[in-house]
Amino acid sequence: MWQCLLPWLANNSGKELLYLHQGGILGNETMLPRYQRKFGQTQKA
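In this text, residue positions in the sequence shown follow the numbering used here: the first is 990, and each later residue adds one.
It should be emphasised that the hints constitute simulated quantities derived from the structure, not laboratory data.
Heads up, a few of these hints could be off.
[Unchecked claim] Label-pair restraints from in silico Cβ distances:
1) Trp997 with Gln1030: 38 to 46 Å
2) Leu998 with Pro1022: 32 to 40 Å
3) Asn1000 with Gln1030: 44 to 52 Å
4) Leu994 with Phe1028: 28 to 36 Å
5) Gln992 with Gln1030: 16 to 24 Å
6) Gln1025 with Pro996: 35 to 43 Å
7) Trp997 with Asn1017: 26 to 34 Å
8) Arg1023 with Ser1002: 31 to 39 Å
9) Met990 with Gln1025: 25 to 33 Å
10) Met1020 with Pro996: 23 to 31 Å
11) Gly1029 with Lys1004: 36 to 44 Å
We put the CB at the ideal spot given by N, CA and C, even for glycine.
My request is simple: use the sequences and hints to build the entire structure.
Structure, rendered in structure tokens:
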């Protein structure tokens, strides 16, 4: 990802960039244990 962004930054230094990390196909599933450890178990709505 950064290999694509660095050349863009060199040509667009006066612009802002918003980077959203999507986490891939299983992003939500793989992040669930991390959130549970950090914030504790929550009940599903």
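Each hint, compared with the structure:
Tryptophan 997 and glutamine 1030 have their C-beta atoms about 41 Å apart, which keeps the hinted 38 to 46 Å range intact. Separated by about 34 Å at the C-beta atoms, leucine 998 and proline 1022 satisfy the suggested range of 32 to 40 Å. Distance hint check for asparagine 1000 and glutamine 1030: the Cβ-Cβ separation is about 47 Å, which falls inside the suggested range of 44 to 52 Å. For leucine 994 and phenylalanine 1028, the hinted distance range of 28 to 36 Å is satisfied, since their beta carbons lie about 30 Å from each other.
At about 39 Å, the CB distance of glutamine 992 to glutamine 1030 disagrees with the hint of 16 to 24 Å. The supplied range of 35 to 43 Å is met by glutamine 1025 and proline 996, whose beta-carbon atoms lie about 39 Å from each other. Separation of tryptophan 997 from asparagine 1017 is about 28 Å and conforms to the stated range, judged on CB atoms against 26 to 34 Å. The supplied range of 31 to 39 Å is met by arginine 1023 and serine 1002, whose beta-carbon atoms lie about 34 Å from each other.
Against the hinted window of 25 to 33 Å, the Cβ-Cβ separation of methionine 990 and glutamine 1025 comes to about 27 Å, which satisfies the hint. At about 30 Å, the CB distance of methionine 1020 to proline 996 agrees with the hint of 23 to 31 Å. About 40 Å separates the C-beta atoms of glycine 1029 and lysine 1004, a value consistent with the hinted range of 36 to 44 Å.
Violated hints amount to a single one, hint 5; each of the other numbered hints is respected by the structure.
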